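Enquirer: In my numbering, the protein residues as written are 864 to 1120.
I should point out that these hints are in silico values taken from the structure, not numbers from a laboratory. Note that the coordinates shown come from a computational prediction; the quantities given were computed from them, not determined experimentally. C-beta: ideal position from N, C-alpha, C; glycine also. Hints are supplied without guarantee of correctness; some may be wrong.
[As the list claims (entries may be wrong)] Each pair of labels, with its calculated beta carbon distance range:
1. 1023 x 895: 22 to 28 angstroms
2. 901 x 1100: 23 to 29 angstroms
3. 1083 x 945: 33 to 39 angstroms
4. 873 x 1049: 27 to 33 angstroms
5. 910 x 949: 31 to 37 angstroms
6. 1080 x 1031: 28 to 34 angstroms
7. 906 x 956: 39 to 45 angstroms
8. 1079 x 1044: 21 to 27 angstroms
9. 950 x 1030: 37 to 43 angstroms
10. 947 x 1113: 42 to 48 angstroms
11. 966 x 1052: 39 to 45 angstroms
12. 1113 x 891: 25 to 31 angstroms
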Amino acid sequence: MLEIACFSAPSALAAARSGATRIELCADYAAGGVTPELSTLEHILHDLNKNKDNDNSKSNSSNSSQHIPITIMIRPRGGNFHYTDTEFAQMQDAITLFKPLASGFVFGILEKEPENEGASESAKKQRWRVDTTRCTALVRLAAPRPCTFHRAIDEADSLLDAVEVAVSCGFARVLSSGCANSGALQGVEALCQVQQRFGTCIEVIAGGGIRSTNVAEIKRTTGVHWVHSAAVTRAGSEEVDQNEVGRIRDVLVSMTC
């Protein structure tokens, strides 16, 4: 199963045509993805429906892009995942705005761990945990749309503890690189642990630097059923490389044969 992060309507349409199973719609690739404009989603859905209408006369048509789920990134800005009350209200408003058209939502909120008063100054580094109260509130607001806890999970002090909390908040999915800054290929051991421990109660999605050249190793080693990629191959671009989407899809299909 292949989820593609898309940062424009043309990219989303290209990904849908090239074999993506699901689209995560965002804006601002350089910031790591923020909430897109509603008009972008409307544009995508309009074009997909137009293609469907054009194919109505073809009884054997099986173009899966007509029905591809599109989840929406809910993130008011780039940077860290600790939000002010105003930013949290913006996230609530965005879910309400997109809910009639979206297939699901993608977000993550962290809060600071209480400091250990006995720790030395050198040991006092900022630690993060899942903000249970706010995440649960957004999951409930989004219901019945499924929610994904995005790669903010990799910033938490303990990945396994954070995933357990995400499950308790009601998230249907979690996207992680295994806490590896350099990508999922380096985080396969942690991802394998997450899949083994939580794979029956939450959909684990491997993400971070996934390309056609490494997706087979990542999927085989971790045991995850879903992978996530932006499929951007040109420096300075945020547009999907539809050929790369097709190559990743082909690798995944070959692994199921």
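Enquirer: For every hint, state whether the structure bears it out.
Expert: Hint check:
At roughly 23 angstroms, the beta carbons of residue 1023 and residue 895 sit within the given window of 22 to 28 angstroms. Our hint of 23 to 29 angstroms for residue 901 and residue 1100 holds, since their Cβ atoms are close to 24 angstroms apart. Taking the beta carbon of each, residue 1083 and residue 945 are about 36 angstroms apart, inside 33 to 39 angstroms as hinted. The hinted range of 27 to 33 angstroms is satisfied by residue 873 and residue 1049, whose Cβ atoms lie roughly 32 angstroms apart.
Between residue 910 and residue 949 the beta carbon distance is about 34 angstroms. The supplied range of 31 to 37 angstroms therefore holds. Checking the proposed 28 to 34 angstroms range against residue 1080 and residue 1031 shows it holds: the Cβ atoms sit about 32 angstroms from each other. For the pair residue 906 and residue 956, the supplied restraint of 39 to 45 angstroms is violated, since their beta-carbon distance comes to about 21 angstroms. In this structure the supplied range 21 to 27 angstroms holds for residue 1079 paired with residue 1044, their Cβ-Cβ distance being about 22 angstroms.
The given range of 37 to 43 angstroms is broken by residue 950 and residue 1030, whose C-beta atoms sit roughly 25 angstroms from each other. The supplied range of 42 to 48 angstroms is met by residue 947 and residue 1113, whose beta-carbon atoms lie about 44 angstroms from each other. Taken as a hint, the range 39 to 45 angstroms is violated for the pair residue 966 and residue 1052, whose Cβ atoms sit roughly 31 angstroms apart. Evaluation of the 25 to 31 angstroms hint for residue 1113 and residue 891 yields a pass: the beta carbon distance comes to about 29 angstroms.
Of the numbered hints given earlier, the model fails hints 7, 9, 11; all others are met.
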